[in-house]
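Asker: Respectively, the protein sequence lines represent chains A and B.
Heads up: the first sequence at position 175 corresponds to 174 in numbering that gives the first Met the number 0, and the numbers run straight through without jumps.
Heads up: the second sequence at position 59 corresponds to 58 in numbering that gives the first Met the number 0, and the numbers run straight through without jumps.
Identical copies look the same in the list; a pair holds intra-copy or inter-copy alike.
Only pairs whose alpha carbons sit at most 25 Å apart, straight line, appear in this in silico SDA-like list of lysine to any residue:
#, residue 1, residue 2
1, LYS244, ARG119
2, LYS113, LEU193
3, LYS113, ALA3
4, LYS244, GLU275
5, LYS61, LEU136
6, LYS244, ALA116
7, LYS113, ASP220
8, LYS61, SER177
These aren't lab readings, by the way, just hints derived from the structure by calculation.
There are 2 protein chains.
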Amino acid sequence: MMAANLRNCAINTATLGFQCPIAQSIDAIAAAGFGGIAPWRREVEGQNVPAIAKRIREAGLKVTGYCRSTYLPSLTREGLQANIESNRRALEDAAILGAQSFVMVVGGLPAGSKDIAAARAQVAEGVGLLLEHGKRLGVRIALEPLHPVYTAERSCLTLLSEALDMCHHIEGSVSEPSLGVCVDVYHVWWDPNLARDIARAGREKRIAGFHVCDWLVPTNDVLNDRGMMGDGVIDIPSIRAQVEKAGYKGLIEVEIFSAQNWWKRPVIEILQVCAERLATSV
Amino acid sequence: MMAANLRNCAINTATLGFQCPIAQSIDAIAAAGFGGIAPWRREVEGQNVPAIAKRIREAGLKVTGYCRSTYLPSLTREGLQANIESNRRALEDAAILGAQSFVMVVGGLPAGSKDIAAARAQVAEGVGLLLEHGKRLGVRIALEPLHPVYTAERSCLTLLSEALDMCHHIEGSVSEPSLGVCVDVYHVWWDPNLARDIARAGREKRIAGFHVCDWLVPTNDVLNDRGMMGDGVIDIPSIRAQVEKAGYKGLIEVEIFSAQNWWKRPVIEILQVCAERLATSV
Numbered sequence: 000m001m002a003a004n005l006r007n008c009a010i011n012t013a014t015l016g017f018q019c020p021i022a023q024s025i026d027a028i029a030a031a032g033f034g035g036i037a038p039w040r041r042e043v044e045g046q047n048v049p050a051i052a053k054r055i056r057e058a059g060l061k062v063t064g065y066c067r068s069t070y071l072p073s074l075t076r077e078g079l080q081a082n083i084e085s086n087r088r089a090l091e092d093a094a095i096l097g098a099q100s101f102v103m104v105v106g107g108l109p110a111g112s113k114d115i116a117a118a119r120a121q122v123a124e125g126v127g128l129l130l131e132h133g134k135r136l137g138v139r140i141a142l143e144p145l146h147p148v149y150t151a152e153r154s155c156l157t158l159l160s161e162a163l164d165m166c167h168h169i170e171g172s173v174s175e176p177s178l179g180v181c182v183d184v185y186h187v188w189w190d191p192n193l194a195r196d197i198a199r200a201g202r203e204k205r206i207a208g209f210h211v212c213d214w215l216v217p218t219n220d221v222l223n224d225r226g227m228m229g230d231g232v233i234d235i236p237s238i239r240a241q242v243e244k245a246g247y248k249g250l251i252e253v254e255i256f257s258a259q260n261w262w263k264r265p266v267i268e269i270l271q272v273c274a275e276r277l278a279t280s281v
Numbered sequence: 000m001m002a003a004n005l006r007n008c009a010i011n012t013a014t015l016g017f018q019c020p021i022a023q024s025i026d027a028i029a030a031a032g033f034g035g036i037a038p039w040r041r042e043v044e045g046q047n048v049p050a051i052a053k054r055i056r057e058a059g060l061k062v063t064g065y066c067r068s069t070y071l072p073s074l075t076r077e078g079l080q081a082n083i084e085s086n087r088r089a090l091e092d093a094a095i096l097g098a099q100s101f102v103m104v105v106g107g108l109p110a111g112s113k114d115i116a117a118a119r120a121q122v123a124e125g126v127g128l129l130l131e132h133g134k135r136l137g138v139r140i141a142l143e144p145l146h147p148v149y150t151a152e153r154s155c156l157t158l159l160s161e162a163l164d165m166c167h168h169i170e171g172s173v174s175e176p177s178l179g180v181c182v183d184v185y186h187v188w189w190d191p192n193l194a195r196d197i198a199r200a201g202r203e204k205r206i207a208g209f210h211v212c213d214w215l216v217p218t219n220d221v222l223n224d225r226g227m228m229g230d231g232v233i234d235i236p237s238i239r240a241q242v243e244k245a246g247y248k249g250l251i252e253v254e255i256f257s258a259q260n261w262w263k264r265p266v267i268e269i270l271q272v273c274a275e276r277l278a279t280s281v
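Isolated chain A (complex conformation) (with noise of 0.2 Å):
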């Protein structure tokens, strides 16, 4: 079996169900040779953001991502508003943690609300005020398409070709775009547009990370049963290799949220088959 060149491979640090400190997830991540991590939110605010950027340094890992976004729409002007602060705190933290890209997830509709256009409107006013004080920070935004079981309740922002319109409406066509988009395979994999979607993201220069997982069959709970690569349907190869051939080049970054199965065991044996898998199935 060949083995995957782990360097160019990263841990989001929810694949490891949180069950230990970010100090710790580091120095496992690292010393099973992994390039990169993706740690939450949960994991660093409140604590020495500095002292955990220089912990991710100094084991060698690249932040791909910074996990995640405040939802963003809210019934209320001031509630918007309190959502965008919130993310521009969390930009400075990415900034801090050197992140390649903060990661959002725009947030569904509001409780009570059945409007998605409005919804909808209000993500592309945050992201264009958070884009402006993510471009002083030096971090990149990285919207995160996600499935459209998740629509009312995480991301009214659910196509591919959405999330590179709301790129394009934003930050118009520019050379070097700090707006930009994740693919993470769980949420885009079904698309009949998804080819030419990814090949457009590559034209554009919008592909800021590059998530893998799988689709169960059958899918417990959309949420958190998500599956190893190789254990599901989506057929990881050949995304992946859409998406190099767009000219990604930045890290494969292993993102399960996976309550009943991986979660449940030693973060060794997750890291190990995360190992085996990005060489036999991704």
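Assemble chain B onto chain A, guided by the hints.
Answerer: Coordinates of chain B only, in the frame set by chain A:
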């Protein structure tokens, strides 16, 4: 409270949880004042189909759609042929029932396959053959794009635009199409291109059915935890207005899969609440 014009509304029998034989469902739906019914093959096949058709007619009900196709994709040519053949027989029953359309849920990935392009090609081939059979029988075929959460197991056809593309690919541009689409709010409400694609479906005379239910927050089971109109987050009146503006003049069909809630209630209560909600929330 204004009453809905129930003569312009139909009940998909799945909404009643298959609690009683089709004959009783027919009588209950007609007695409640509805103008149409959409029966399922499980209630019809192996029965005296002409007798069921007669009972429906004598109850004064139209048959909006006959539910539904055998999934088409298969790992083998023989499997595909068998699936097409099964649908041919169902089309014949649809003709006897006088159904306005035969509803096709096209199927997802065959077990063991990750090749969604192959599945889509088989669907196009199968629908093409069935369309010819349907024309001879005088039964329109209605492709129902499903929510992308069902891609793996139920429908590799997800976007309304994709269904319209398939219609055009198979039938071309004709003045009286025999191939159309079902617009079910549950499957399409999240789509950022929904308004564009409903308008297109109208221009191309493809809207062969309009189904309503609601998306609950939270949704405990994406298959069988659908909501009664008004209990979820879908702006149903907006989608209805778009469908009618696009020229749809057919019945509004209520189709609710709700194993833990509505299916546990008496048929007469389900029908009464459907009638109320058609007036207030559709």
